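Chemist: Each chain, written out:
There are 2 protein chains.
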Amino acid sequence: MSLIDQDNLQAILDANSKELSLNQIKNILKSMHSSEIAHALESSPPEQRKLIFSLLETSIEGDVLTELGEEIQQDLVSKISNEELSEAVKELELDEVVDILQNLPEERMKKILSKMSLRDRTRIEGGLIYPDDTAGGLLNTDVLSVRPNHTVEVVTRYLREQKDLPENTDKIFVVSKKDKYLGEVPISKIITSEISEKIDNLITPNIDPILVTENDKDVATNFERNNLISSAVINSNGELLGRITIDDVVDVILEDADQNFLGMAGVAEDTFAPPGRAAKSRVFWLSMNLFTAFIASLSINIFQETLDKIVYLAVLMPIVASMGGVAATQTLTIVLRGLTLGQINRSNIRWLFKRELAVSIVNGIVLSLLVGFITYFWFQNIMLSILISCALIINLISSVFAGVFVPLILRKLNQDPAISGSVVVTTVTDVVGFLSFLGLATLFLI
Amino acid sequence: MSLIDQDNLQAILDANSKELSLNQIKNILKSMHSSEIAHALESSPPEQRKLIFSLLETSIEGDVLTELGEEIQQDLVSKISNEELSEAVKELELDEVVDILQNLPEERMKKILSKMSLRDRTRIEGGLIYPDDTAGGLLNTDVLSVRPNHTVEVVTRYLREQKDLPENTDKIFVVSKKDKYLGEVPISKIITSEISEKIDNLITPNIDPILVTENDKDVATNFERNNLISSAVINSNGELLGRITIDDVVDVILEDADQNFLGMAGVAEDTFAPPGRAAKSRVFWLSMNLFTAFIASLSINIFQETLDKIVYLAVLMPIVASMGGVAATQTLTIVLRGLTLGQINRSNIRWLFKRELAVSIVNGIVLSLLVGFITYFWFQNIMLSILISCALIINLISSVFAGVFVPLILRKLNQDPAISGSVVVTTVTDVVGFLSFLGLATLFLI
Chain W
30 MSLIDQDNLQ
40 AILDANSKEL
50 SLNQIKNILK
60 SMHSSEIAHA
70 LESSPPEQRK
80 LIFSLLETSI
90 EGDVLTELGE
100 EIQQDLVSKI
110 SNEELSEAVK
120 ELELDEVVDI
130 LQNLPEERMK
140 KILSKMSLRD
150 RTRIEGGLIY
160 PDDTAGGLLN
170 TDVLSVRPNH
180 TVEVVTRYLR
190 EQKDLPENTD
200 KIFVVSKKDK
210 YLGEVPISKI
220 ITSEISEKID
230 NLITPNIDPI
240 LVTENDKDVA
250 TNFERNNLIS
260 SAVINSNGEL
270 LGRITIDDVV
280 DVILEDADQN
290 FLGMAGVAED
300 TFAPPGRAAK
310 SRVFWLSMNL
320 FTAFIASLSI
330 NIFQETLDKI
340 VYLAVLMPIV
350 ASMGGVAATQ
360 TLTIVLRGLT
370 LGQINRSNIR
380 WLFKRELAVS
390 IVNGIVLSLL
400 VGFITYFWFQ
410 NIMLSILISC
420 ALIINLISSV
430 FAGVFVPLIL
440 RKLNQDPAIS
450 GSVVVTTVTD
460 VVGFLSFLGL
470 ATLFLI
Chain Z
30 MSLIDQDNLQ
40 AILDANSKEL
50 SLNQIKNILK
60 SMHSSEIAHA
70 LESSPPEQRK
80 LIFSLLETSI
90 EGDVLTELGE
100 EIQQDLVSKI
110 SNEELSEAVK
120 ELELDEVVDI
130 LQNLPEERMK
140 KILSKMSLRD
150 RTRIEGGLIY
160 PDDTAGGLLN
170 TDVLSVRPNH
180 TVEVVTRYLR
190 EQKDLPENTD
200 KIFVVSKKDK
210 YLGEVPISKI
220 ITSEISEKID
230 NLITPNIDPI
240 LVTENDKDVA
250 TNFERNNLIS
260 SAVINSNGEL
270 LGRITIDDVV
280 DVILEDADQN
290 FLGMAGVAED
300 TFAPPGRAAK
310 SRVFWLSMNL
320 FTAFIASLSI
330 NIFQETLDKI
340 VYLAVLMPIV
350 ASMGGVAATQ
360 TLTIVLRGLT
370 LGQINRSNIR
380 WLFKRELAVS
390 IVNGIVLSLL
400 VGFITYFWFQ
410 NIMLSILISC
420 ALIINLISSV
430 FAGVFVPLIL
440 RKLNQDPAIS
450 GSVVVTTVTD
460 VVGFLSFLGL
470 ATLFLI
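From first to last, the protein sequence lines stand for chains W and Z. To convert, take the position in the first sequence, counting from 1, and add 29; that gives our numbering. To convert, take the position in the second sequence, counting from 1, and add 29; that gives our numbering.
Keep in mind that the hints were calculated from the coordinates and are not lab data. Some hints here could point you the wrong way.
What the hints assert, rightly or not - Under the rule of at most 27 Å between Cα atoms (straight-line distance), these lysine-lysine pairs were calculated in the DSSO-like manner:
id, chain 1, residue 1, chain 2, residue 2
1, Z, K227, Z, K206
2, W, K218, Z, K218
3, W, K246, Z, K383
4, W, K227, Z, K218
5, W, K218, Z, K55
6, W, K218, Z, K227
7, Z, K383, W, K79
8, Z, K383, W, K119
9, Z, K139, W, K218
10, Z, K139, Z, K59
11, Z, K108, W, K383
12, W, K383, Z, K246
13, Z, K218, W, K192
14, Z, K383, Z, K338
15, W, K108, Z, K55
16, Z, K55, W, K227
17, Z, K338, W, K338
18, W, K79, W, K59
19, Z, K206, Z, K218
Note that the coordinates shown come from a computational prediction; the quantities given were computed from them, not determined experimentally.
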């Protein structure tokens, strides 16, 4: 439970090059915390990763697996035997076991479950019914629950009887005889209250438990806005199913941020994914771009005659297209962020559009003066300067329409605008950029 | 403390259009949680934001301010009187007050501090000495500390004497008479231990407290890896200064993710920033791109004669450049993510480079066949097809060098590669794309 020890990490990562013996590596691994080992695995190319994992003791394998990203976790799990896996996950929390098992082939999952005790199996099968990206996927059943008519004295005795409270227990839940969720009482309240006080009177008012079907990103927003450590999870009948704790929510937040960051470039893979998988994850995006690049070419093709007469138009035309692409990506980024954070809705989208338009016009004027000046300095042609400036302003204005409406339309069509948005908006600005510049040139220079 | 009530939010956001009376808006605001109000403010254009904030009661203003992003917080703070501000922040936690005050002009900060009690002033001045982006900036002084020779009985009595435990108190800290940090004991341990047990024997082993000068992102990594709720913060003498809690760490994580997402597009502003500020935040990036676009134009300019003879080269050349740009951005994104997560170091960068090269060659072959085929279909010129295919492969290979080495070099030069990286790499691929395609055409088609 210490900060990552950079020396250990480096030693493990250098293991191959320094030719440490397997025993030496094992010893270093023994001194490392499971989160350090997970970080080392995530920082290792596939071959080395396999080697390091094979040197771990089974007792720590489960903890390490839960700290890994999904892709690497699945890779490593596919390489160990059913016996070893069912042994490794035995001590994990419910949501952690479920995370590991739910990605296995049906056949294998059944085999592993059959190796477990009836109690474990029932518990895990209960967790497996909830989709990964819902509150149910984050559910733990290690809750402490009490009845409303219990006194603080009874509850204190009950808590004392537990050898260890479950991790991150900041509150206990109050339930009816039929397991209906009635409310929650912070542990701190129990400590500071009179021992004769009834639990019923200590319940924190105005707390809404989380519904098991709720989206995991909404759960994260809820935790963040209300500074929660843990929250009760109920089913649609209001029965307490378990709880969600902040550590799992932090993982949701980090994973989501990672996906958003990678998604804009059409990438979705772990940093040290093998070349085949990485190539596959990226080729779709590149092919999409190839398709749209040909569309842009078609718009240039219209003006072959013009280009034939004035060849330096070909020199300048990528400038107009590229500036529009950058401006559109900026607008798109702001709109995507607003959509992700739930900040954009029908009452403010109009203001946002007008603001973006104002930004583009202001920046368009500044930049078109700059472009016009440089162009004049280069080609000594005042008409050309005016044309490229006008084309730039037209394209920056088109970038606002693309940047604001493309993500909104994609969302209406149930496409993830963070993934396909940037290819679409740059296609728009490429096409408008070439059309406006070469079109104006055809009208006024020939 | 409930989930965001969408009806409330919509009602507030629609306030202007529906022409609610100020009293009606006030009443809706009264029924909302401070985090809901903060979300509504962040989702409002500046004018409406000012109006909503002016309708809040002073008692909730402080809580709302702490939930806001820095930019909006500063905006609103600049609009209220010193008296109101010092009243509003009175009840906040130390790190929250410090966050608000440290961005004020020196003069104003002094005036507000002078309106506070000596005790508050001393406490806040103590917090103001730490930079915003360090552990010190997240520091709260609301710690419970005990001596090692106390018994559980004494500590339980001490806890019971507190009317309310500080929020997120999952552990108490053990200190010497001279305030040296000695360790920590989870509250759950105190509840479940014999009352005669000495605190000394309950200290969790192997816990490292956080040094007050530590970077806030490292603090976040530490919390995430070790699933912490709170952690002690010490100075270089080992004295306990206070603690950091998970809710503030979650804010660091979210802010960091937001900056990473926006940074790639050269944007850094809140979603509803006024047009002037938004234009200013983006114009630097656009100007940089203008500069690099002219560099790309210069590389086309070399081949004016070639373009003059074969005009359709101008039609096809943006394809090669644009494909290289997308591939380079993909590689850059993976490298940036690896650098941010601390996964990349001298022992694995070579593997990563080779992997990227393999990916580009594989995808290069696939895509160049596709490009060659489409080009042949369009222009019926086999030589042209071969040339564009070769140019594409060359550019995809150059994209690997750019995508891997540009961020590493920028980091060596102490530049943030997430911010300037993408402009630099696309310049490389634009230039290489135009040079290779037009160069090959000059050699083989003329």
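Chemist: Determine for every hint whether it applies to the structure shown.
Modeler: Outcome of the hint check:
1. K227(Z) <-> K206(Z): holds (16 Å)
2. K218(W) <-> K218(Z): holds (16 Å)
3. K246(W) <-> K383(Z): violated (36 Å)
4. K227(W) <-> K218(Z): holds (23 Å)
5. K218(W) <-> K55(Z): Violated, because 33 Å separates the two Cα atoms, which is more than 27 Å.
6. K218(W) <-> K227(Z): Since the Cα atoms of K218(W) and K227(Z) sit roughly 23 Å apart, the hinted pair holds (cutoff 27 Å).
7. K383(Z) <-> K79(W): Holds, because 19 Å separates the two Cα atoms, which is no more than 27 Å.
8. K383(Z) <-> K119(W): Since the Cα atoms of K383(Z) and K119(W) sit roughly 39 Å apart, the hinted pair is violated (cutoff 27 Å).
9. K139(Z) <-> K218(W): Since the Cα atoms of K139(Z) and K218(W) sit roughly 38 Å apart, the hinted pair is violated (cutoff 27 Å).
10. K139(Z) <-> K59(Z): The given pair, whose Cα atoms are some 32 Å apart, is violated under the 27 Å limit.
11. K108(Z) <-> K383(W): Status holds; Cα separation ~25 Å.
12. K383(W) <-> K246(Z): With Cα atoms ~36 Å apart, K383(W) and K246(Z) exceed 27 Å; violated.
13. K218(Z) <-> K192(W): Holds, at roughly 9 Å.
14. K383(Z) <-> K338(Z): It is violated: about 40 Å lies between the C-alpha atoms, which goes past 27 Å.
15. K108(W) <-> K55(Z): violated (61 Å)
16. K55(Z) <-> K227(W): Violated, because 37 Å separates the two Cα atoms, which is more than 27 Å.
17. K338(Z) <-> K338(W): Given pair K338(Z), K338(W) holds - Cα atoms ~11 Å apart, limit 27 Å.
18. K79(W) <-> K59(W): Between K79(W) and K59(W) the Cα gap is close to 17 Å, so the pair holds against 27 Å.
19. K206(Z) <-> K218(Z): holds (23 Å)
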